[in-house]
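Going line by line, the protein sequences match chains D and A.
Take 0 as the starting number for the first sequence in numbering that gives the first Met the number 0 and just add one per residue.
Take 0 as the starting number for the second sequence in numbering that gives the first Met the number 0 and just add one per residue.
Read the hints as simulated data drawn from the structure, not as lab findings.
Careful: at least some of the hints might be erroneous.
Once the Cα atoms are required to be at most 20 Å apart in a straight line, the calculated SDA-like pairs of lysine to any residue come out as [stated by the list, open to error]:
| # | chain 1 | residue 1 | chain 2 | residue 2 |
| --- | --- | --- | --- | --- |
| 1 | A | K144 | A | E122 |
| 2 | D | K45 | D | I347 |
| 3 | D | K87 | D | A97 |
| 4 | D | K185 | D | D250 |
| 5 | D | K392 | A | S93 |
| 6 | D | K392 | A | F95 |
Listing some non-contacts, in silico: residues in chain D with all C-beta distances to chain A over 10 Å [claimed, not checked]:
| # | residue |
| --- | --- |
| 7 | D4 |
| 8 | I8 |
| 9 | E126 |
| 10 | E236 |
| 11 | D250 |
| 12 | A309 |
| 13 | G311 |
| 14 | V373 |
Idealized CB from N, CA, C, for every residue including glycine.
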Amino acid sequence: MRPLDGVRIGVRSLFSNWLRSLLSILGVVIGVGTLVVMVSIGEGTKQQIVRSVEAMGSNLIVIENRAGGSLIKRETPGLALRDVALLKEHCHLARAIAPLKMVPVKTFYGGRTSLFIGQGTTPELLEISKLTVAKGRFLSPRDVDEFAKVCVLGGEVPGRLGVREDLVGKFLSLKGQAFRVIGILKEKKTPAGIINPDICVFIPISVSQELSEERASLTNILVQGISSDLVRQTKRELTRLLTFFHKANVDFGLWAQDELLERQKKVTETLQKALGAIALIALVIAGIGIMNVLLASVSERIREIGIRKAVGASPLDILSQFVWESLLLTVTGGIIGILVGVFAGNWICGLLNIHLPQAEHRWEAPISPESILVSFAFALTTGLFFGLYPAIKAARLDPCEALAYE
Amino acid sequence: MKDNAPLIQLEEIAKVFNVGQRAEPHSDVTAQSQRLVPVRALNGVRLCINEGELLAITGPSGSGKSTLLHIVGCLLRPTGGRYLFKGRPVESLSEFQLARLRNRNFGFVFQAFNLLPRFSALENVQLPLVYNSTPRYRRREMAQKALEQVSLSHRSHHRPGELSGGEQQRVAIARALVTDPSMILADEPTGNLDSESGWSVLETLIELNRAGKTVVIVTHEQSIVQRMPRIVKLRDGEILP
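Isolated chain A, as found in the complex (with noise of 0.2 Å):
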């Protein structure tokens, strides 16, 4: 990477959904409901994310605040336009090294926490150490280690039906940061939380971004956005200046 490139550039990024319409009222329901209707979830985003940020992503519902998320944190392709990581174009990688470059660079917290429901908090930490073939007895040290930085060491093994809305947020964001990433990408993290754990959950996440990661929240919550030193608002696509 070139020294003061950015960590994240997006130029002209569009991202374009084919979505099945219903069928219309007394119209021939076979042709109707077979139809594909393009929605235009992206429009022209041009970003650039510098290493250590911290910024928010605002916007209302359908603004495509997730969609910009994801194609962020490589987990979807966008139909159009240029996405460089590290300076180096993103477009032309193959499923598999996209899948590499999600497991090394992006931990990702989701609002509905996204843990294995059958797996101890300590073996859903480790998972993406199972995908870059980590040594079984170094995934465990690592693991133990990450939840004792968002202070859950105690609850290691118990599963998340034995864990608060907030501890497994929690889990969730060791799991993000389990192996050492460059960004944290939080998608509505406190959505599903009271107050209380939600600021706990929140202050985690600033805490991280002090130590040196580059932390996205998208969030539509105000109270979150105005502790944001970097706002980025979308309106139907586009990000307003």
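Extracted from the complex, chain D is given alone in its bound form (with noise of 0.2 Å):
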């Protein structure tokens, strides 16, 4: 039998139940559009950290504070704004300091309440950030010494309140308290080392430790070192100061740029790997429901195997009629599930960055050639499969006992 002939007879056997047809193929559309969607956000994430690490810059240090407890309550401060005073003054391979306290705000203005980030930081991170003003001005020196309740705005953060005009002079509210705004950023669009100031709101760090459960614990310091060919000895100074400082209390971590690479690439393909293998299962039970609709096909058409077996059907004609219906239900499904996971993964990434806007990173989808091959690779495998197992049995019939079938 010619190939063609074995798709057109699977065409017409599918189109002779259209209905069980078309409900095989949603399984397939759901798991490979299921696929299409984990894949290409995991691959959106990976990106975006990867854009961002790299944007850190190659001489940007990051401590973090590892002190016991959680975020929000620890057990000891861990690292604090004295630690900060202290680098400045001993470690001399550094050449810009600034802490980062992360203090989740809920801001108020014009009828409209918002989550944001908020940054406790000092003016250095405007430096060691690579940040631009758009308007007015960033933190000076004399905000930080005098607790000025004063905010300077990331670059998307007037949009999502809805606001059109300059707010610069405006007040905001922050946590229940009055902040003017002194500054807007422009927007970076990508994240800046840690953090992703186009969401952030940031005031002076010393009004940040009043606003905190935890007055004394700083989330970050971030040191830009003198040169990005002395990371390595910038960091086992800063390291050996720090231990010095919390008495060898290690409740601090330290990492530059490729560390961090390597360590959120680990974490992004391990997660990319958890929503492919729920995707792959998704899959899984698409290929058992064609399974079940092609044995039900087998068992409802013996009589007709008997006949095509009487003139002159070889077993292998048989297998490959079937092999092919199983394939054009994958391969229908498939090609359709990518298309709906292209847009549903666009969809889904709008929704997320309007609904998290305290994500450190924008939702991205991006689809790649790669991940469509694979996607129908995979619909294609799943119909050969589980198409194989009825094909097996039609074609293995006694043609005397098919044709005395009732």
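Both chains are sitting in their own frames, so use the hints and assemble them into the complex.
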């Protein structure tokens, strides 16, 4: 039998019970669509994180607070503001040092409440994170010393507040307190190191301590080294100094760009594998559904199989007929699933970006030709694998028994 | 094939079926219901069929007529004995080779017609040609020609459900003819037909024989048997002398 005839027989058979075929295809659409969405969102997350870490620059060192307890309530302060002063005084391999204290803030303006990431910091952050002021100014040393209730908004904050007017000089309610907006940053679009400045509200570090339950502790300290060639030495020096300051209590961690990249890659790869596994489970379930449908189809068509064998169909002809049917189901479902997955991925990312503004990165779902090919290959493999058993069962039918079947 | 060799030569053909036996009352159901009992359908059958012959295989119900026909048409493998087709042994052929042999050399006509209900008459007749890789445009031509031979070309686009019993059987005969096989094997071809349609079908088969086809008809109807130049009688799986 010619391959095209096998396809024609398969198409005819699927159309003869179009509702059953449609439901089988739906299972594959969901399975492949889920795979495409999961893989693309996972890839988008990975790319975003890699970009943000690469944007850090190779001479940036991040010190994180690893004091026991939770981010909200630590057992000991860990990193504290005094560490910043001590490092500035004693570390000669650092060009600039800035503290970061994360404080989730509920803002209220013009009758609208929104949740943003408050970052308590100092003026050095502007240079370290390569931020640009679009309007007004950034924080000044005086703002920190005088505990001034001022704030600088990230580039996307006015938009998310639904405000078109110029907010510089206006007052914003942060955690129930009035803060004067002194500046708005230019949108960076990509994360700057470990923060996404576009959705942050920057306030003086001294004020952030007052707004937080854990006054003393910091979230991070960012250190810009004097040279990317001296990063290792700078890390060693910082470790030595902090260990001394903390009396051998290692409640902090340090990493430079390459280590962060490696760590983030591992996290995102694990995430991608988990998401991919979920999607594959969906595809397996769809495959089982197809096998079930084909087994029912074989049972209903025993006599037809006997007739075909009587007129000269070989076991291979019968096998290929049912394999073609299975492939047609999964390939059709695969193509539709890929299209659905592409649109769904972008739609889901759009929703996440609107409803999860405090996320450290923008959700994206890039579609690569490789991911489409892989998804298609999975659909094809599902069709071959789950279609084979019913096909073999049909091919092995005895023609005389099949012809006598009622 | 050797010049004077018969088309079909069966030597000591035997066929045993293993059938499941029902559970006996008050017995261990599990053990009894699983027992397979051998049933000897054919026992030491010797038969030669020459090219161009017209013969009937007859006998009471359960005598092995259909089993013999299915073995002749390579639809069933014998359990024992030897089968030579055009002088060549058939026992050693693979399933693929048997399918090819069936496609090219045998045309089957069944009591129940066995047409595909969702296909038109023309598509049903084309079916054997699909399995010998005949190009699509040739298939239509050949199928149309076969339908003309049985005077049904005007009904080529009708489905079996739209045809009478006699017409369906003639479509089945056209399907049997389309690959120009050596033999037509008809298993109770008039069994589901009224007498008029039955005679019409029988006449068609006789005409095909006159045109040179070897025709073997399995039947229990004496009216048909009496018209056959050669009769093979079976009882309990053996040919009566």
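Now the hints, each set against the structure:
| no. | hint | result |
| --- | --- | --- |
| 1 | K144(A) with E122(A) | holds, 13 Å |
| 2 | K45(D) with I347(D) | holds, 17 Å |
| 3 | K87(D) with A97(D) | holds, 10 Å |
| 4 | K185(D) with D250(D) | violated, 35 Å |
| 5 | K392(D) with S93(A) | holds, 18 Å |
| 6 | K392(D) with F95(A) | holds, 16 Å |
| 7 | D4 | violated, 5 Å |
| 8 | I8 | violated, 8 Å |
| 9 | E126 | holds, 75 Å |
| 10 | E236 | holds, 78 Å |
| 11 | D250 | holds, 71 Å |
| 12 | A309 | violated, 5 Å |
| 13 | G311 | violated, 2 Å |
| 14 | V373 | holds, 35 Å |
Hint compliance for this structure: hints 4, 7, 8, 12, 13 are broken, all remaining hints hold.
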